[in-house]
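Chains H and L, in that order, are what the protein sequence lines are. Position 111 of the first sequence, counted from 1, bears residue number 894 in the working numbering, the numbering being contiguous throughout. Position 282 of the second sequence, counted from 1, bears residue number 283 in the working numbering, the numbering being contiguous throughout.
In short, the hints are calculated from the structure, not lab data. Because the structure is a prediction, the values reported are computed rather than measured. Among the clues, some could well be false.
[To be verified] Here chain L is said to cover these stretches of chain H; the calculated rule only asks that three of the stretch's residues, wherever they fall, bring their Cβ under 8 Å from a Cβ of chain L:
#: 1; region: 817-831
#: 2; region: 841-853
#: 3; region: 864-873
Note that CB positions come from ideal geometry on N, CA and C, so glycine has one too.
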Amino acid sequence: MSVEQEERAIRCLVAKVGLDGHDRGAHVIARAFRDAGFEVVYSGLHRAPEDIVQAAVQEDVDVLGISILSGAHNTLVPKVIEGLKEYDAFEDTLILVGGIVPDDDETELKQLGVAEVFGPGTPMEETVEFIRNNVPERA
Amino acid sequence: MDGSERDGGATPGAPELSDRDAELVEELLAGSHRALARVITRIEDRAGGHRAIVSALHEHTGGADVIGITGSPGAGKSTLVDKLAAAYRERGDTVGVVAVDPSSPYTGGAVLGDRIRMGSNVGDMDVFFRSMSARGQLGGLSMATADAVKALDAFGKDAVIVETVGAGQNEVDVVRTADTVAVLVQPGSGDDVQTLKAGILEIGDVFVVNKADMDGAERTLAELEEMVHRREGPTKGLETGHHGFDAPEHPDDPEGSDGSDHSDGAGDGEGDEAEEAPPEWTPKVLRTVANTGEGVEELIGAFDAHAAHLRESGEIEETKRRRYAEEIRTLVRSDVGALAAGEIERRGGIDRLAESVRKRETDPYSVAAEVVAPIVDCVEADGE
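With the sequences and hints as input, model every part of the structure.
In structure tokens form, the structure reads like this:
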């Protein structure tokens, strides 16, 4: 077997931001992504937006999935997006939000650059499929 | 594998750097985190172009102390790496970390969990932490890791830590890309220490009993001490120099060093030591409690001592030569392998060849000779 065989994998960061300590959903998602063949980095709980930016930049992830169940998405998500822009990492990162997000907020988040918002009860396959279809093409 | 790609153009001496990659290299050297991250991705993907990038970076490497940390799952590697990184930062050094985790052989997926433990360094961009998965590469993992370390080195990191589960040859190869290797053991793993003898013992420059506040730590320390001083035989032929007579003192562990020192001194080492100038490094055995940071200063002290030893004894040159020799061999083997794979394809594929062997039309030796023949012809024509 050749060492030079190309080994492309979709890399994801599953992130918990802010004070929200409910990470069951994040765990389930992380496992589903793993089983879909993705490489998943989990941030751990209670991360600040800057920490998430640091992890997303250093790990050079294709997909950033932010799980927020505290309702603070309007405060936290823009900070993460700003940080990514600072490091020139916004353009080719697919940003997803999972959690309980009202419709009005969803529109706003999408305007900011969030690709999709997944609410409770979204089937795992739907999220995985969405990523496969929308992962940014990198040359 | 992909012989077709190689059929087209003749490969020139140095891989050609595309304009975009040249820009990426320039950005990395200028200190862009994004560029560094992207370069490591290219290295991991083993996609086209990574060779040119790594060869462009090579001249900028050599400034970092590279430390490998290995040990069984749950020994506390990630937590210790976190504390080590924080301690390096405290004295003003910048740090790069490459944490290797296994991936599923079935789906290729992986959960890379080492980052969770990096609690002491979140938000500090001067600690560049990168998770890598094994991606089922045979022999390629150590190459990818070594190249990622080069990228961090060229970026200007003062210390680069490679962390991996010590579970097999693959992982052993990975930590061997480091200048200094620390093997982590947890207390009460008496039989584990026994299994360490096979393979891992030879590669450790520093042995660390982590979770040293737990029961059984003293005993594990003593066992390790004993083993370190009894280690002889298989490693001797591999390393230059002889077993040192000036074994360094063993801090806070009188029982451990006591008995073993005698057996060592009475042994073969002492006599022929005089003409061989540099004394060999005797592995240190240390204790840490990674959770609280206890012993981390001493551990860094041991790393520094080993790095100084490598420099002073000139062993570092030998180590590096050996490592680059291994890299060259791996690359050449893979390139020649690819050529041969292309030839196999042209001869109808491996299945057809195997089938003809099964039918007793030919035999494996003849097939191999036929496949390699064109390569042999080229090499011989070149030699004339």
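We went through each hint and held it up to the structure:
{"no.": "1", "hint": "817-831", "in the structure": "holds (count 13)"}
{"no.": "2", "hint": "841-853", "in the structure": "holds (count 3)"}
{"no.": "3", "hint": "864-873", "in the structure": "holds (count 3)"}
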